[in-house]
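Fit chain G to the given chain Z structure using the hints.
Heads up: the sequence lines are chains Z and G, in that order.
To convert, note that position 67 of the first sequence is 67 in this note's numbering; the numbers rise steadily by one, no gaps.
To convert, note that position 18 of the second sequence is 18 in this note's numbering; the numbers rise steadily by one, no gaps.
In case anyone wonders, no lab produced these hints; they're calculated from the structure.
There's no promise every hint is true.
Quick list of in silico lysine to aspartate or glutamate cross-link-like pairs, DMTMM-like style, CA-CA up to 20 Å [claimed, not checked]: (1) K42(G) x E44(Z); (2) K100(G) x E44(Z); (3) K11(Z) x E83(Z); (4) K100(G) x D27(G); (5) K100(G) x E52(Z); (6) K42(G) x D86(Z).
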Amino acid sequence: DTGVSQNPRHKITKRGQNVTFRCDPISEHNRLYWYRQTLGQGPEFLTYFQNEAQLEKSRLLSDRFSAERPKGSFSTLEIQRTEQGDSAMYLCASSSGPRRYFGPGTRLTVL
Amino acid sequence: KQEVTQIPAALSVPEGENLVLNCSFTDSAIYNLQWFRQDPGKGLTSLLLIQSSQREQTSGRLNASLDKSSGRSTLYIAASQPGDSATYLCAPEEAGNNRKLIWGLGTSLAVNP
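Chain Z extracted, bound-state conformation (with noise of 0.2 Å):
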């Protein structure tokens, strides 16, 4: 069982870089789910996966936020001109019940 498991772990980026974050779901999961997370705070949902449609994204999401999910497995999640209160935990889930299986996250720090 390998889990969900996402890359990098750790991003250190300038304010105005673009940053690619990947996420391998547990294979055979149909649903993917990306958050984003900041200290002492919940999860906040940014956009869902069903295969390789995108369901939902979040209002809360700018249009400097894009991912994808090309053949229904792995996903990308692009933010471009990072700005320093993007900083935060981005996390990635996948399930094909009703339970999440969530991966380690990626700690991205904006400088």
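Just chain G, lined up with the frame of chain Z:
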């Protein structure tokens, strides 16, 4: 709009105590409710999942109950150990097409040896 409240926000206890963590939610139209554990700087681990038709679930020293009509869930931890120290989050899953989890802020638990 669903809102989730967890009480207490923080808890510090000596090893061996039985613990009660409370979660309340405002909208009873949910598919299920999950309890997660999060260690500092890490992802979340699913502990227990209670379907809306169920009253409780048990796993080892953990027991979670659900009273959907009153919008409450409780996580019981028996004979607490220092390894139980973590943040515990509850998340009801909204009824609807996209099955969204709604999160509380969690209870930060410290079990002291």
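Going down the list of hints, with the structure as the test:
1. K42(G) x E44(Z): Roughly 15 Å between the alpha carbons, so the hint for K42(G) and E44(Z) holds.
2. K100(G) x E44(Z): Holds. K100(G) to E44(Z) sits at ~11 Å (cutoff 20 Å).
3. K11(Z) x E83(Z): 14 Å, holds
4. K100(G) x D27(G): 13 Å, holds
5. K100(G) x E52(Z): 18 Å, holds
6. K42(G) x D86(Z): Holds, at about 18 Å.
Taken one by one, the earlier hints all hold for this structure without exception.
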